[in-house]
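A.B. asks: Single-letter residue listing:
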Amino acid sequence: MSRPASRFISPSLQWGMIGLIAIALSLWQAGLFRQTVVNFNGFPLLWRFVAASVHPDLSYDLLATTLQASLVTLAYAVCGTFLSVTIGAIAGVFCSEVWWLEVLRAKRLRYFGFHSVRAILAFPRAIHELIWGLFFLNIWGLDPLVAVAAIAIPFGAITAKVFSEILDETPRQPLLALINSGVAPITAFFYTLLPQAFLNLLSYSFYRFECSIRSAAVLGIIGAGGLGYEILLSLQSLRYEQLWTFFYALLILNGGVDIASATLRNQLGCASRIDLNSHRPTKRNISNSRIFSLFPIAIAGVALSFWYIQPDLSKIGSPRSQQLLHQIVQTSLPPNFTGIAELIPLSVETVAMSVLAIAIAASGGLLLAFPAAQIFLLSGLLNRRGNANLFPLVLLVIARIVLLLCRAIPAPIWALVVLYVLFPGILPGAIGLGLHNLGILGRLFAEVIENLEQPPLKALSAGGTPNSLVFLYGVLPATMPRFLAYTLYRWEVCMRETVIVGLVGAGGLGRLLTEQLSSFDYQSLIVTLGAFLVLTFLVDWISGRVRRSLRAS
Amino acid sequence: MWYLPNLEISVLQLMKRLLTSAFLFLSLLPLSACSNNSSPNSSANSAAQTKTQTKTFVTGAIPDQDAEKLQRLYGKLSQYLEAELKTPVSYKPVTDYTAAVTAFKVGDLDMVWFGGLTGVQARLQVPGAEALAQRDIDAKFHSVFIANKNSGIQPINNLKELTVLKGHSFTFGSESSTSGRLMPQYFLQQAGVTLEDFKGQSGFSQNHDATIALVTAGTYDAGVLNEQVWQKRLQEGKIDRSKIDVIWRSPEYYDYHWVISPSVKQRFGDDFPQKVQTALMKLDPKVAEQKEILELFGATKFVPTKNENYARIEQVGREIGKIK
Amino acid sequence: MSSDPIISVDRVTLQFGQFTALTDISLHIVAGERVALVGSSGAGKSTLIRLLNGTLEPTRGEVQAFGQKLHQLKPKHHRQIQRQIGTIYQQLHLVDNLRVIHNVNAGHLGHWSFLKALISLIVPLDVATATQALAQVGIPEKLYDRTDRLSGGQQQRVAIARVLVQNPMVILADEPISSLDRELSREVMEILCNCQSSRTLIVSLHDVDVALRYCDRMIGLRRGRILFDAPSTAVSSEMIADLYRL
Ligand SMILES: Nc1ncnc2c1ncn2[C@@H]1O[C@H](COP(=O)(O)OP(=O)(O)OP(=O)(O)O)[C@@H](O)[C@H]1O
Ligand SMILES: [Mg+2]
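These protein sequence lines map, in sequence, to chains R, W and G.
Here my numbering is used: position 73 in the first sequence is 73, and no number is missing along the way.
Here my numbering is used: position 27 in the second sequence is 27, and no number is missing along the way.
Here my numbering is used: position 232 in the third sequence is 232, and no number is missing along the way.
Errors might be hidden in some of the hints.
Distance ranges between label pairs, derived from CB positions [unchecked claim]:
id : chain 1 : residue 1 : chain 2 : residue 2 : range
1  : R       : 300       : W       : 270       : 47 to 55 Å
2  : G       : 178       : R       : 16        : 46 to 54 Å
3  : G       : 132       : R       : 17        : 56 to 64 Å
Think of the hints as simulated: they come from the structure by calculation, not from any bench.
From the three backbone atoms N, C-alpha and C, an ideal C-beta is built for every residue, glycine too.
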């Protein structure tokens, strides 16, 4: 009332405008309105790459290599996921607001505790797996342990952050109701919030598994082997036919995990909301026992994977490792601040690249998520007769394949491909990152839609509301907050990943980082990592503010 | 009380499941424990590497070109060395310059086929490491500067004319490549061309083939790469000469070489580097098996080399900032 | 008044930011009393109930339960007091995706150990008590159903069963019969009123007739103030008309 203007400019509008301005500024930074960006002469080369997709190299030798490499990548991914979800589950609880606010009821300690845990976790998160890999390489040498830890540490921190956000966005009233009837807060937490959030947590864990597969592929570069290594080898000599064979393997791996996750979630009763108006008999609830029958399988899988890659666990605390750790700390200190002035324009480039990337990813993901969500067109949300006809099915399959392809191919490779037809700069990097993240965000969005509360929509729909309005009034408001949360979180990931597209001359801090790495200039490297850390904090802060102000409105 | 039987069943099932999971979990422990002391049968088995490190001579390489071929190449070479040295020899693949140098430093690799710059970087991090041998061509290595025909850049005759590249976009290969980065940047510097003189930021295509592709596409007006790769691709007919061509061939410099770690002396005896050097030089193009190895290296024979040959590379590395 | 009040509210004002939801409320309730809260929508009934169970803190004034000042207690004692106050919320606040039995068992959590609670989430414990409570509210067959598959009225009864299992000295019920038909409403009110004579009941109701029939005292709330606080027998139709006047 005191600020009449704020009635018309709602926080969402405000942030939307800020977002658009940021995108426009980033485009300008990318030189879009200042110079030619498209290189038409490069299309024949792009075509060669695309054309190779229809005749991948299917020779026996290569297929054998592919199979073995896929197994290695899968095993790394399983181990990495296991560790990162374990880390994430524990740390996630400790950096959720609801834990400090409602469970510990720590009023004064809250700010200190909550923010310090978050700050600690921002550190491993800000640094890309590849850098972690190189760090561990310095202390453990060429051991499979390096790749596993390189996945587990940053992914554990990311998982922790997302888990905490899921917990914070889960309705708290049941928790509060129990706490206020005198139940010990910790008991109430495990009894209400965790079961409520369980499916989201599980679903995210599966998603993490897919991320680990992609990451295991990228880590192949530093000697972890597997598909990433093979892809890099073929890429270096531009053998596109071989490249596509490996891509298809990645596609199958990623798609397999996707399907497995969907099936499992179905069985756990997650998708049962879809059953409401279909004619399938409602299954008796068996979720608990189903979940428990998963455990032996999961444990066996993890055990098998660890056995397959054989990390040398004794290295973790060995004196030799400690000595090497000591050595690397010594060579990195004191930090060399001489190049600090250079960091500012590079940081601007990095931020611009990440903003463009996330803009591409979010808009593309949004567009593809709805057709890709199983419940959306297929089982009757916007298809009232409830009979699955062909058109939505085809659309669903196409949307899913596009999303899968986008996320299966690593960002640096997208960037390199884009570089054929765009002039160098941050734009090809941003597009490469954007395409890769589009696949990921699209899948996340689709899952949000599939987990959507159906009854309110049915209510709208039953009232004779046209489909478009059901969408506008029912679907969008219900999904947007989570879409936004995922987008903001992915924005941070995009920023981290600018490191790997920096490889192809996409600029930004990533490029400086690779230069410093290859010069073994650890004293300057540490300063650049510091800049990344600052940027991560910045993004974290902005995304927190955006979400808080949107939730309040 | 209809629910009771139901409940009991679920409790029973649950007990069974919990027991199976516990069993599986327990079986995992000895599994991962014994994985540490099981003896390896494949060279890639690195878990057992700590135990066998003292016995196995581990070689490695940074693939600079035809990386998938290098895989085969090293298989052949380790067999040959194993026979010559009467010691188990294994090969570990690494695809990244930085990773290879680090692995050499940490002691996971005993002998590595480095480029000029990376060899120096590795030796500086491992005191006592020695440059051992190189191919005949490596003592007189060249880079070629190439340009897209549409860029209007004409061939030049001497170093000073590299100034024609000013105002054009330009790509190097990998950051730490000697032929794709270090020496070219040094020659450019001598001609008075700095990185700021190029249009936009100079690129790092990461490898020689990518440089060819990107200059062919016109993404970059010009680029620079290893002459050996260029020649090979020319022979293979993989270069579209209506689109790109060489504008200048650089002066010669030292490049690729084998670097061996001093730790082998403790493990295999003081004369071990000597033995390895001899074995490498003994590779004979007249023996079919050995000819194949040489061919895969693109060499006619190996010749001895020494640390001092790379003093110039080191100096240039320091000037350009690749060595601190 | 024959004995000390079990709950007493002393000159309490409660604000949500700028908005004052309760103004200068004072009331004393002794053990065994059955009190109805009536008033039109938005009058502050739910707010008062959340104040009484310690969820909300008064902006001014003081709330005492069992002779203790609620908001000055250490968490542990605060919890001990809260265990004796069971609340049926208007929005129920059940854990939707758990089975009914878990939601009913949640009433036990105040005195279950953490471990027991965890185990019970996997293998439901104390099934007999839960079944009995569910039988009291008329849905014993729903024991193993998922809570969100129940109808609105059934869910309301699950919330009531939870409080029955908790077996507190005081029950706060926020419109516990809003989704139930007459016959069920009658049964539920009877359960709430007749369990033990010593149990105190504070129930907010929209139906004045029900309030008159089951409660011996009525508190009329209007725009956050107490309009009347009288024995049911003394409540006249004018007072009611005044209460619901627009
Ligand atoms: N958390 C809150 N923040 C701000 N205002 C609130 C909050 N909770 C309640 N109010 C306001 O306080 C007033 C009283 O609400 P309350 O829920 O107590 O009403 P009620 O008497 O229970 O109504 P009903 O019969 O509709 O349930 C309302 O105007 C409501 O908008
Ligand atoms: Mg109310």
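A.B. asks: All hints are to be evaluated individually against the structure, with a verdict given for each.
C.D. replies: Evaluation of the provided hints:
1. Distance hint check: the CB atoms of residue 300 of chain R and residue 270 of chain W are about 50 Å apart, consistent with the given range 47 to 55 Å.
2. Restraint check, residue 178 of chain G to residue 16 of chain R: a C-beta distance of roughly 39 Å breaks the suggested window 46 to 54 Å.
3. One distance hint, 56 to 64 Å for the beta-carbon pair residue 132 of chain G and residue 17 of chain R, holds here, with the actual separation near 59 Å.
When each numbered hint is compared with the structure, a violation occurs for hint 2 only.
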